[in-house]
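**Student:** For reference, the chains in residue letters:
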Amino acid sequence: MKVITIDKKGWASGIEKTKSAFQVFGPVKEKEWHSFKALGPGEQPDMAYSNTRISPKFLVQPQSEPMFTYSLDEAVEDHHILKEVRKDTAPKAVVGIRPCDAAAFLIVKRNFDAPQYQDPYWLNAYNAMTFIGFACNTPCSTCFCTSAGYGPFNEAGLDVLLVDVGDSFVAKSLTDKGDTWLKAGGWTSAADASGKIEALMQAAEAKITSNVSTDKLKTRPTTQIYEAPFWDDVAFSCINCGTCTYSCPTCWCFDIQDEARGTSGIRMRNWDSCMFPMFTIHGTGHNPRGAKVQRVRQRFMHKLKYYVEKYDNGIQCVGCGRCIRLCPVNIDIRKVCNQMNDYDPAACVCPA
Amino acid sequence: MIPQPASARLSQKRGCTVQNPYLPYPVRIDEIITETEDKNLKTFKFVFVNPADEEKFAYRAGQFAELSVAGKGEIPIGIASSPTEKGFIKFTVNKVGLVSTFLHNMKVGDVMGIRGPLGNSYPWNVLEGKNVVIIGGGFAFTTLRSSIVYMLDPANRSKFKDINVIYGARSPGMLLYRDELASWERRDDIKMHITVDATSDPDWKYNVGFVPAITEQKAPQADNDTYAIICGPPIMIKFTQPVLDKMGYAHDHIIMSLENRMKCGIGMCGRCNVGKEFVCKDGPVFTLAQLNTMPKEY
Amino acid sequence: MSGYQDKIKETAKRLLKEGSVEMVIGFRKGTLPMMNEPCFIRRPEDVHQLVWDSNCGINLANYLTDRKEKIAIVAKGCDSRNIVTHIIENKIKREKLHIIGVPCQGMVDKRKVAALCAGDIENVTEDGDVLTVTCQGAEKKLSRKEMLQENCTLCIHRNPVLFDELVGEPVAEQTGIDRFAEVRRIEAMESQEKWQYFEDLLAPCVRCYACRNACPLCYCPTCFVDESKPQWVGKSQNPIDIRTFHFLRAYHCAGRCTDCGACERACPMGIKVRQFTSKLNKDVLEMFGWEAGMTLEQRPPLDTYKPNDPNDFIK
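These protein sequence lines map, in sequence, to chains Y, H and S. Residue 218 in our numbering sits at position 211 of the first sequence, and the numbers go up by one each step. Residue 93 in our numbering sits at position 89 of the second sequence, and the numbers go up by one each step. Residue 123 in our numbering sits at position 136 of the third sequence, and the numbers go up by one each step.
Treat the hints with care, since some could be wrong.
Below, a list of computed lysine-lysine pairs in the DSSO-like style, where the Cα atoms sit at most 30 Å apart [unchecked claim]:
| no. | chain 1 | residue 1 | chain 2 | residue 2 |
| --- | --- | --- | --- | --- |
| 1 | Y | 38 | S | 0 |
| 2 | S | 293 | Y | 342 |
| 3 | S | 99 | Y | 38 |
| 4 | Y | 26 | Y | 44 |
| 5 | Y | 90 | H | 60 |
| 6 | S | 269 | Y | 342 |
| 7 | Y | 90 | H | 49 |
One side of the interface only, derived from the structure: several residues of chain S facing chain Y at Cβ under 8 Å [said to hold, decoys possible]:
| no. | residue |
| --- | --- |
| 8 | 18 |
| 9 | 24 |
| 10 | 25 |
| 11 | 102 |
| 12 | 196 |
| 13 | 255 |
Honestly, the hints are just simulated from the structure, not real lab data. Even for Gly, the Cβ is constructed at its ideal location relative to N, Cα and C.
In isolation and in its complexed conformation, chain Y is listed as follows (with noise of 0.2 Å):
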């Protein structure tokens, strides 16, 4: 593993040169917010940020996307026959990525990657990545990384980690991806900066003060949380929009959908969300989770029992606080989740 020191006056010449390998995406601020952009020439990522204000999920998996193309015209030969749309596979540099966000790529993974059948435009789109992650010095009050199995200096699932030590960003390269990188910016000189970057993490990682319990979330009875009395307390102020689910980075849910403008038609795929009536609801109108609190239930019981019980590999949340941040009403995941891994039955005085 190489640590390489960069020094900040030739961090935005090195990403110059980065884009003749890459095509470089970096948070950008518009407006108020930032989001992950291409960065053109001449452009720099913004790493005076926090994070982004919905995750950068989209770079992998975007919110709408095209699958198959088709001709519905009967005078074309292969007419109503589905044909793949060619993607761009060409390598790709997320740089800046909070490590939160980088993790959250290895537990959509389990989804997209299983072992029966493998998801193409996912694969192909996390495949051409390379992550440049960047430690988080300063986390928020909602973040709760740490918690939820991760932290602000994480490594899973980058393939270099920056950290900004003041004057330079350390550069500890994880992987092959993360060398050619590295190599592509002009960056070699070698950096002894492992003492620092410890007492940074520590320094960072004493700074997030909230936090979740996970320990029992495997082993209680999934109708045992699912039947708990706190869901229709949990969900009363929930009005059922999609910003939890459409900004946060674990959520992969989608829809697929045909569209057709005279003859050519595409058939593509959408973000969904589990927060939708229409998820869900049967040709016939029966509705399995037609209620509100059935639909928050599930986000819930989704992310923090469902997930945990089938990948036996965690809870699917990496603590970023976007939900918590984002939702109009508050609903608060710490404490959805404190209360499911706390639920004893036994103990519970319930309310009538």
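Knowing the structure of chain Y, use the given hints to seat chains H and S on it.
**Tutor:** Frame of chain Y; chains H and S shown alone:
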């Protein structure tokens, strides 16, 4: 495991090749049969445009597929043909939504797509050597037809002990596959108990009554070697289950096929879950013992 | 304001104790600064949870739709006007409601406050017109009046119009307010400029439907954007579909919107969705002299018909 055949239509993944599981096989409509008197159920017989695709579409009774209509979308439908029937695949489609309504207006010769086979299947490894009781209602008889044809195939019949079939519909005209039902009635290696809720037909020679009641009268008593497969509308299942309980059927001997809204069919799009299981990939077939541990979200 | 809060708790406790209502809908303290959460209280011993301050911007009328219980609801001016609209549109029965009216002096726009603070806001307290904001350990005093939601600065109906009891004396209504200056600014644009303005306005939309779902008016069992037979609107991020959603939603609210600001407050992307509804509020006021939710006696202009309609389209 469903076989993942090599294909000319491939995507790159880490140097190796995987098939795009969202890409349907092109098929041509070969025959359309209107099944029921209300004309809401039609059976579509498809042949593969590329004959080699038939082999790739190797399926088991109880699986389903996504019927794909370019410009409209996809619908998950149980496979009504049996793996023992070669040269075509069959689906019986109820007209309820956008895609199924469009499909009902399509014609013989039209080209569309089939994606699959999807889902687990009835547990044939468990059912071999056992008595099988099939309990079906209404238009949910499709994968049960597949199962019956499969078991009655000369190559397979000896693998199973007694086969009982209880099948009910609202009226004689609402029964699916009426010619086949009649031919099975004439056989002595399968016991048919066809029933209708009511009929004014003076020549009706089968049962009259709801499926739960006929089950109570006709189904064999439970034992460790007897499995029941139930597939039907929720109301039928709701009232049949207590009957089977009363007759002593253990919950791991009651096999059910679920339906939920689906899109991807391969456990990825997230909507059809019941607890941690996806109906499309981990199901649609579950034992009642399994369902007892899961939320009732279906 | 703390006087209001005590009175709300007291009233809620009394109503629950005497059994005249089954539940009280109000606000409880949220987990973040400047966020309160809509909640329901069913037991008198739980009324201590109820709060009232300048962070109660959610429109609680949204939580009444089709409820069958006997309910007491805390309602500021705009909430009460939406309750009136709900009653007119048969979404709730007047006799099922006990309205605890709260004279309102506007709700704080947390984004305005956040924009003035570098970094995370740790705490916000209010005392009269002074907001004390703690940010990165440092305290900052802000004028509450200057931090209000835009719709609140333009509000001329701060007192509830329909209530069973008020928790305080009515407040003075704002006068001399130019409510539609922003609408006129956009109306004055050239068509190309206007088009570009709306393109830019809607560019961040992710179609989460928070605006729609926060709105008490949007109670259709299936929204036109979700309809599949026929499918009126595509489901992708196509700008045409996004525009269609916002424009049509605004038209569905014409003559019904109280400018409560719930849509704008809910939008996670900070889109000024009131730009659409305000224009229609202005049109309805100018054409029909109508403001939504002011009376139970009259139906909104767009769901009634009069044979003596001054326009000729009907003849």
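**Student:** Determine for every hint whether it applies to the structure shown.
**Tutor:** Here's how the hints hold up against the structure:
no. : hint            : result
1   : 38(Y) x 0(S)    : violated, 45 Å
2   : 293(S) x 342(Y) : violated, 54 Å
3   : 99(S) x 38(Y)   : holds, 13 Å
4   : 26(Y) x 44(Y)   : holds, 14 Å
5   : 90(Y) x 60(H)   : holds, 19 Å
6   : 269(S) x 342(Y) : violated, 42 Å
7   : 90(Y) x 49(H)   : holds, 24 Å
8   : 18              : holds, 4 Å
9   : 24              : holds, 4 Å
10  : 25              : holds, 4 Å
11  : 102             : holds, 6 Å
12  : 196             : holds, 5 Å
13  : 255             : holds, 4 Å
Violation of the numbered hints given earlier is confined to hints 1, 2 and 6; the remaining hints are satisfied by the structure.
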